[in-house]
Amino acid sequence: MMDPIEFFGNHTFRMVFLGTSVIGLVAGALGSFAYLRKQSLISDVVAHSALPGALLAFLAAVLVLEVNGRNMLGLLVGAIITGTLSALFANTIASRTKIRIDTAMAISLTMFFGGGMILLRIISQGQFPGKGGIDEYLFGNASVITIADLTTIIAVGALALILMVVFWKEFALRTFDPDFSTLLGFRARAIDTLMFTTIVIAIVIGVKAVGVVLMIAFVVTPPAAARQWTNTLPSMVALSGVFGAAGSAFGAYISVSLGSVPTGPVIVLTLFLIFLISLFAAPRRSIIATALRQARARETLRRELRSETVDK
Amino acid sequence: MSFLLGTTLLAIVTALACALPGAFVVLRRNSMLVEGIAHAVLPGIVVGFALTHDLNSPWLIFGAALAGLLVVLSNEWLIRTGLLIGDAPQGLVFPALFAGGVILLSLDLSHVHLHTEVILVGDLNLAAFRQLVVNDVSIGPRYLYVMLCVLAVNIAFIAALYPKLKITTFDPEFAATLGLRTQLLNTAFMFLVSVTVVAAFHAAGALLVISLLVVPAATAHLISHRLSVMLGLTAAFAVVGTLSGFWIAYVLNAATSAGIALFYGVMFVAVAFADKLATKLRRKRRVEVDKSAQGTKPAVSEAKQLDRSRSKNKPQVAE
Chain A
0 MMDPIEFFGN
10 HTFRMVFLGT
20 SVIGLVAGAL
30 GSFAYLRKQS
40 LISDVVAHSA
50 LPGALLAFLA
60 AVLVLEVNGR
70 NMLGLLVGAI
80 ITGTLSALFA
90 NTIASRTKIR
100 IDTAMAISLT
110 MFFGGGMILL
120 RIISQGQFPG
130 KGGIDEYLFG
140 NASVITIADL
150 TTIIAVGALA
160 LILMVVFWKE
170 FALRTFDPDF
180 STLLGFRARA
190 IDTLMFTTIV
200 IAIVIGVKAV
210 GVVLMIAFVV
220 TPPAAARQWT
230 NTLPSMVALS
240 GVFGAAGSAF
250 GAYISVSLGS
260 VPTGPVIVLT
270 LFLIFLISLF
280 AAPRRSIIAT
290 ALRQARARET
300 LRRELRSETV
310 DK
Chain B
0 MSFLLGTTLL
10 AIVTALACAL
20 PGAFVVLRRN
30 SMLVEGIAHA
40 VLPGIVVGFA
50 LTHDLNSPWL
60 IFGAALAGLL
70 VVLSNEWLIR
80 TGLLIGDAPQ
90 GLVFPALFAG
100 GVILLSLDLS
110 HVHLHTEVIL
120 VGDLNLAAFR
130 QLVVNDVSIG
140 PRYLYVMLCV
150 LAVNIAFIAA
160 LYPKLKITTF
170 DPEFAATLGL
180 RTQLLNTAFM
190 FLVSVTVVAA
200 FHAAGALLVI
210 SLLVVPAATA
220 HLISHRLSVM
230 LGLTAAFAVV
240 GTLSGFWIAY
250 VLNAATSAGI
260 ALFYGVMFVA
270 VAFADKLATK
280 LRRKRRVEVD
290 KSAQGTKPAV
300 SEAKQLDRSR
310 SKNKPQVAE
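First to last, the sequence lines map onto chains A and B.
Sequence positions in the first sequence follow numbering that gives the first Met the number 0 and run 0 to 311.
Sequence positions in the second sequence follow numbering that gives the first Met the number 0 and run 0 to 318.
There could be a bad hint or two in this list.
As the list claims (entries may be wrong) - On the chain B side, residues computed to face chain A include the following (Cβ under 7 Å):
1) Val101
2) Gly178
3) Arg180
4) Leu184
5) Asn185
6) Val213
What the hints assert, rightly or not - Below 35 Å or equal to it, Euclidean Cα-Cα: the simulated DSBU-like pairs (lysine-lysine) are:
7) Lys130(A) <-> Lys290(B)
8) Lys279(B) <-> Lys290(B)
9) Lys165(B) <-> Lys97(A)
10) Lys163(B) <-> Lys275(B)
11) Lys97(A) <-> Lys283(B)
12) Lys37(A) <-> Lys275(B)
13) Lys97(A) <-> Lys163(B)
14) Lys275(B) <-> Lys165(B)
15) Lys97(A) <-> Lys37(A)
16) Lys290(B) <-> Lys275(B)
17) Lys165(B) <-> Lys279(B)
18) Lys37(A) <-> Lys279(B)
19) Lys37(A) <-> Lys168(A)
20) Lys37(A) <-> Lys165(B)
21) Lys290(B) <-> Lys97(A)
22) Lys163(B) <-> Lys37(A)
23) Lys97(A) <-> Lys275(B)
It is worth saying that the hints were derived from the structure and are not from the lab.
The C-beta atom is built at its ideal place from N, Cα and C for all residues, glycine as well.
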């Protein structure tokens with residue numbers, strides 16, 4: 000294991016550590032809403048569909064604006080546009096045809112991602128400045144995060160979290176009682192769009208560091224783990240954010256210490272471990288807790304039955 | 000056999016082998032589960048390759064398919080615990096397995112040189128590279144025969160269990176009351192899907208495999224009301240889509256598998272639009288006929304009834 004002083008003394012390692020932690024925090028917190036809306040998998044569609052957007056932004060930056068094609072802001076804008084389009088496309092298929100949402104998501108995902116892979120081939124075969132390593136958008140490369148990237152990630156992530164706090168009441172009501180929220184006069188469509196945009200932001204800020212393929216784990220796993228420990232929305236969102244951040248930080252630390260192991264996948268495994276611990280060993284809800292409670296109840300019942308027979 | 004012909008045949012056979020079980024995947028609402036399977040088989044393939052050193056080995060295909068089955072079984076188990084809601088159980092296990100596969104690849108213990116792009120979209124040309132030579136005559140890519148076997152197994156499975164598959168797909172509760180072992184059948188079927196995914200992985204990658212399984216079946220589902228018709232149309236869309244996508248990619252010199260995936264999507268959208276247009280025209284004509292016969296009002300209500308009978312709640316395909 001690497002010495003913490005050595006770890007934090009290194010600029011690249013610090014960037015990896017901070018970048019992935021912020022991504023984990025934002026994705027974990029906002030993933031809670033996707034989880035509670037029972038639409039966790041749409042994050043997989045959005046993440047995969049961020050690829051063509053990020054690549055189109057690269058092409059636009061290089062060919063039209065003639066600036067550095069890998070700047071974070073352009074990547075985010077492109078990814079947010081195609082990510083949102085893919086989700087809208089999936090929902091349109093599900094509502095306008097007899098195809099159900101799971102198949103609609105698969106169709107949307109393969110179309111957008113297929114388009115992205117074609118763009119990737121075009122870029123890698125062409126003459127574009129700064130195209131080296133552009134295929135890192137697939138699995139991410141946390142070690143290329145610059146100070147400017149980190150600043151953008153923090154700023155955009157903070158914006159998403161602030162939106163969540165400002166519209167907390169609307170989000171919560173829409174999540175738990177959609178009919179009642181409409182009855183009270185909140186515009187369902189507007190809230191859904193806003194909530195969804197924050198989730199899309201949480202997904203796309205991870206594209207550069209984690210990659211489009213594994214980003215789903217950052218959105219799905221922390222909420223599923225946090226849910227086992229708590230019963231209220233504020234604590235679930237907070238805990239999910241903490242799980243996301245801590246899992247990412249720990250994973251980043253391990254991957255850097257091990258050397259040649261890619262960061263994103265190690266973080267995904269760390270998050271999965273947190274989930275497994277929560278599922279089995281969280282107090283009250285978990286598998287072990289439930290088994291213990293049932294055993295105790297059975298024992299009590301047995302004792303009561305025995306004492307009854309003695310009384311007679 | 001010429002290389003181009005061999006590759007084209009390989010693309011068609013792979014597409015058919017995936018599309019036929021895909022029809023049942025779509026009807027059983029398991030589409031996103033296939034996304035999970037397609038990612039989860041990666042560690043299975045890496046470990047399998049370390050042991051067998053042959054990507055086409057039946058042992059590798061069988062072993063890696065078990066990794067895919069793990070996603071299916073863990074999904075069912077997680078749902079049964081009652082501790083998770085929504086579609087989260089489907090999205091929890093496969094990223095971890097896929098991440099494990101990527102880490103194994105990066106450690107390069109097995110010396111399997113799968114490029115990241117190949118993992119995701121496969122490489123049809125590479126898959127078709129090794130030819131099967133009998134008596135000094137090339138009779139097509141070796142891989143073509145692997146996929147032909149998978150296609151044959153899939154057709155045999157569907158043909159042998161057609162009535163049971165149909166009833167468990169459309170009315171699982173009724174199937175259970177009849178004494179059918181729905182759980183066993185489901186596991187067997189998903190294992191077959193897993194085997195197909197692993198076998199096709201080499202040519203199609205994790206992404207195109209989902210496209211091949213789901214999109215032709217979904218396109219056929221749009222315009223069919225009987226299972227047998229749907230299966231036929233699925234096969235037709237699979238072949239037409241592959242040929243067109245393959246040739247467009249060939250002419251434009253684009254990535255073959257990604258091109259096919261994109262073309263499948265375009266085909267789906269085109270059929271969806273055509274279907275909407277046809278329904279609208281049909282309704283308009285009916286209203287006009289009724290108007291000339293008896294007046295406006297009953298005709299409109301009849302058109303509405305027609306519309307309602309196509310609504311989502313009713314079983315869509317019946318025989």
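Cross-check of the supplied hints:
| no. | hint | in the structure |
| --- | --- | --- |
| 1 | Val101 | holds, 5 Å |
| 2 | Gly178 | violated, 28 Å |
| 3 | Arg180 | violated, 24 Å |
| 4 | Leu184 | violated, 20 Å |
| 5 | Asn185 | violated, 16 Å |
| 6 | Val213 | holds, 4 Å |
| 7 | Lys130(A) <-> Lys290(B) | violated, 64 Å |
| 8 | Lys279(B) <-> Lys290(B) | holds, 16 Å |
| 9 | Lys165(B) <-> Lys97(A) | holds, 19 Å |
| 10 | Lys163(B) <-> Lys275(B) | holds, 32 Å |
| 11 | Lys97(A) <-> Lys283(B) | holds, 21 Å |
| 12 | Lys37(A) <-> Lys275(B) | holds, 29 Å |
| 13 | Lys97(A) <-> Lys163(B) | holds, 24 Å |
| 14 | Lys275(B) <-> Lys165(B) | holds, 27 Å |
| 15 | Lys97(A) <-> Lys37(A) | holds, 20 Å |
| 16 | Lys290(B) <-> Lys275(B) | holds, 22 Å |
| 17 | Lys165(B) <-> Lys279(B) | holds, 31 Å |
| 18 | Lys37(A) <-> Lys279(B) | holds, 34 Å |
| 19 | Lys37(A) <-> Lys168(A) | holds, 19 Å |
| 20 | Lys37(A) <-> Lys165(B) | holds, 28 Å |
| 21 | Lys290(B) <-> Lys97(A) | holds, 29 Å |
| 22 | Lys163(B) <-> Lys37(A) | holds, 31 Å |
| 23 | Lys97(A) <-> Lys275(B) | holds, 11 Å |
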